[in-house]
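S.K.: So you can see what is in the structure, the chains are spelled out below.
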Amino acid sequence: MRILIAEDDFASRKFMLKFLSKYGECDVTVDGMEAVDAFLMALDADMAYDLVCLDIMMPVLDGYQALKAIRDIEEDRNIPEEERAKIIMTTALNEGANVNKAFDLGCVAYAGKPIDQTKFENVLRKLGMIS
Amino acid sequence: MADDMITEGMLDMFIFETEQGLENLENICLESKDVGEFDDDHVNGIFRIMHTIKGASAVMMYQNITTLSHKLEDVFYYIRESHPEEIPHAELLDYIFEVSDFIAGELEKIKEGAESDGNADNLIEQLDKYLKKIQGKGGGDAASAQKAAAPEQTSAPAEKPHFYIAPVASDASRFYTIDITYAKDTDMANIKAYIAVNALKGIAEDILFTPADIISNPDSSNVIMEFGFKIALQTVEEADHIMELVSNAGSGIEHVEINECTSEDFIAFCTEVESPISSAGEVLTAPVEQPTVRVETQKPKSIVLTDEEQEKEAEKDAAPAAKKAPVKKKPPAKKGETQSFISVNIKKMDLLMNLIGELVIAQAVVLQNPDLKVPGLDLTNFQKAAMQLSKITSELQDAIMAMRMMPLKNTFQKMNRIVYDTSKKLGKDIELEVIGEDTEVDKNIIEHISDPLMHMIRNSVDHGIESNEDRQAAGKTEKGKIVLEAKNEGGQVWISVADNGKGLRREEILAKAKANGLLGNRSEKDLSDKEVYNFITLPGFSTKKKVTEYSGRGVGMDVVVKSIQDVGGVLDIESEEGLGSTMTMKIPLTLAIIDGIIFSVSGTNFVAETNGVTEFIRGSKDHLVVEPDGEEYFMIREDCYPLIRLNRFYHLENGKDELEDGIVIILNHEDRKIAVFVDELVGEQEIVVKPMPGYIKQVRGISGCTQLGDGSISLILDSGGLLSY
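Heads up: the sequence lines are chains A and B, in that order. Counting in our numbering, the first sequence runs from 1 upward without gaps. Counting in our numbering, the second sequence runs from 1 upward without gaps.
These aren't lab readings, by the way, just hints derived from the structure by calculation. One or more hints might be untrue.
Claimed, not checked - The following label-pair restraints were derived from C-beta to C-beta distances:
1. F10(A) with E358(B): 45 to 55 Å
2. M692(B) with L127(A): 54 to 64 Å
3. M243(B) with F10(A): 58 to 68 Å
4. I130(A) with N44(B): 37 to 47 Å
5. N248(B) with F10(A): 44 to 54 Å
6. G136(B) with R77(A): 26 to 36 Å
7. E75(A) with P88(B): 49 to 59 Å
8. E81(A) with G113(B): 45 to 55 Å
9. L127(A) with E115(B): 15 to 25 Å
10. D40(B) with E81(A): 32 to 42 Å
11. L127(A) with M243(B): 37 to 47 Å
Claimed, not checked - DMTMM-like, lysine to aspartate or glutamate: derived pairs with alpha carbons at most 20 Å apart:
12. K109(B) with D116(A)
13. K126(A) with D117(B)
14. K621(B) with D661(B)
15. K111(B) with E83(A)
16. K101(A) with E17(B)
17. K101(A) with D12(B)
18. K18(A) with E205(B)
19. K481(B) with D429(B)
20. K476(B) with E576(B)
21. K487(B) with E433(B)
22. K414(B) with E395(B)
23. K673(B) with E627(B)
24. K111(B) with E95(A)
25. K14(A) with E433(B)
26. K476(B) with E577(B)
27. K479(B) with E576(B)
28. K414(B) with E98(B)
On a predicted model such as this, the values are computed, not experimentally measured, just so you know. Don't be surprised by glycine CBs; every beta carbon is placed ideally from N, CA and C.
Just chain A, with the same shape it has in the complex:
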């Protein structure tokens, strides 16, 4: 499994990297723009990411914008629904409005920080990404 992590905070980034490395090859970006770039590059190289974890509060391009951009790219390239990347937002903004906004934009899960690892793994399991 190929994983993309976008996270501007060093500590969180390190944590996510350590946590997710056991499930696959992780790439790390520090802002939303870089994440979209990385996503595009991977698509072009035919090595699309299976899982994308986006922080919401990031410089340059925030998580919502990155999420939308990624979904737009996938739409544009006519990538079928089941092949699209699973996107999980990782953020400390837990208000219902934020969560619903993210769901509307097309993320599959929304993880509040500090991240509950067990539940996170449960979600991955439910999504059929890990066994």
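Once you have looked at the hints, place chain B on chain A.
M.R.: Then chain B, alone, in the frame of chain A:
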């Protein structure tokens, strides 16, 4: 619901919605209890509720709740689709209640930040069996049974799965903006700023600052010197702690300002901060918007406002209402159920309440201003305007009161369930009649009475009403019955629980009281029935021989009385042996603004609640009875009341000593009266009750204070407190 309406955390929302669902579920069940079956509306209702709970809990990843509600949904799906002929109703009700209890229990855990770890397998298995059973009876409609067993497969793909991973439980985080100004001659302010940021990183869940390029760009130092250094911080810590961290991080700090803000402000700050920085060198200079200070963002308690009144209004003047578009748009409220609501943070309501209180005081200060007392001043127009002002403020008071008022309906409905559960366990056949559930009381009071009420109901079911056999033996033909009634009674709300059970036994209580040494030196005959009954409200008092699961430990009635007293109420017990007893909570409708009589004692003003004043008497020596030990009593019309001279009681000098010079006020509290000797009466006024400031230790006989029209402070006399000395 509009997206932008949701400001509460995801978890709060889930809990709130699920609780509401469960409440509706129970109501439906209890409604159908007597009918003995669910009608189509009920079935659909329950199905919908379980479906919603299932969906929401799946998003929130509470597996146990999801599976359980899914199972119950299955059962109702089958009932809805196949209409099986015979459904063992009581059994089904039990299952529903068990499910509801389980989910409620899990919600409780979640609320406390614990893991929702309850195991529902057992219950699911039972539900499974039950489903098989009714399927068997349903005539083996294989196709629909199949469908019922797997409704999910058909509906699932339509909904995209979403998951919400709740953060590891911790205190709700708060958002702050921090402004740091450095002293004029500070070198390398950027490095100093960075040290501050670093110090905060330890506690930060998220942190942003401007200028952002403090390390890479030495010029940022100048920007900091000119505009200050701004940080947005998300953390669970208190402002004090942040202040401490910042202050200790580096020298040269001249001024630090920490403001708590909302998450919206925080995000606004982030976007403001982040965007301009990419354009190299140019640094954001726009001052950060002054954030609204919101103290304690943690789990705001909300109270619900009805706009029922508004709708009434709209109905009243139907023709003009056509113009009032926003009102008209609302669906007409079905009687007693759907009302449209807005949730308001209770803190805001309290603030408004306080402000209106201040307004009432300020109004008194203006209208009774000493400057107006110049002789010969023509105040005609002033008085007219003053009257208008008084009218508006008093309407404003009524309006805020009405807003805080909530019907007792929900509280009373919970009692249904308690009677159902308890009577079932005890094998008694008991009916609950509810009267006046639309009576409205202050939200604050509702919170305080629901526990005592529950206790009183349990007491009635357990102690009050006899077992079926005993009832027959006593020749009682009618069913055991508890009447729960609420009504408004002169500024108070009375909530009574009446049963037609065996009543209180005076002799039994007296015997017990004697054994506990509660009688003191009074003889049994001296005690009125009420006094005897009041013994049961003392701690550790229970005449019940056997302790049951529900009551009988003797902790209870004293707790009930305590909670009622907390909201300024009293408990009144009436009983007739063999016929039943009635317990009535008498609670003041509102606590904040009262009518008071003002009087003075050697220059100090006191206020007594008008309701608590029985009469004023100009006394004389003839009325005075002095006991050998110096205690004084005031005798009038053959009644004798203990006399308290306020000047001596509070050690006020220069008070009047002769009864002829001052005035005696008879105050009542519950059934007891007391005579208070004061210098003179000042007047009557609406007063806003303020608690005594914390730095004054509890003064006996004083329950609070208030400000009078001339700006002076007056102490509120608490007759109950005076009586207990």
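S.K.: Quick check: does the Cβ-Cβ distance between L127(A) and M243(B) fall within 37 to 47 Å?
M.R.: 44 Å, holds
S.K.: CA of K476(B) to CA of E577(B), is that 20 Å or under?
M.R.: Roughly 13 Å between the alpha carbons, so the hint for K476(B) and E577(B) holds.
S.K.: Quick check on a hinted range of 37 to 47 Å for I130(A) and N44(B), using CB atoms only.
M.R.: 39 Å, holds
S.K.: Taking 26 to 36 Å as the stated bounds, is the beta-carbon spacing between G136(B) and R77(A) within them?
M.R.: 54 Å, violated
S.K.: Please test the hint of 15 to 25 Å on the beta carbon pair from L127(A) and E115(B).
M.R.: At 22 Å between Cβs, range holds.
S.K.: Would you check the hint for K18(A) and E205(B), treating anything up to 20 Å between C-alpha atoms as holding?
M.R.: Cα-Cα ~19 Å, so holds.
S.K.: Straight-line Cα separation of K621(B) and D661(B) no greater than 20 Å?
M.R.: 11 Å, holds
S.K.: If you draw a straight line from the CA of K111(B) to the CA of E95(A), is it 20 Å or shorter?
M.R.: 16 Å, holds
S.K.: Can the restraint linking K101(A) and D12(B) be considered satisfied, given a maximum Cα separation of 20 Å?
M.R.: Given pair K101(A), D12(B) holds - Cα atoms ~17 Å apart, limit 20 Å.
S.K.: Has the given pair, K414(B) with E395(B), been kept, meaning a C-alpha gap of at most 20 Å?
M.R.: 33 Å, violated
S.K.: Keeping to a limit of 20 Å between CA atoms, is the pair of K126(A) and D117(B) held or broken?
M.R.: 19 Å, holds
S.K.: Given the hint that K414(B) pairs with E98(B), does the C-alpha gap stay at or below 20 Å?
M.R.: Holds. K414(B) to E98(B) sits at ~15 Å (cutoff 20 Å).
Violation of the numbered hints given earlier is confined to hints 3, 5, 6, 8, 15, 22 and 25; the remaining hints are satisfied by the structure.
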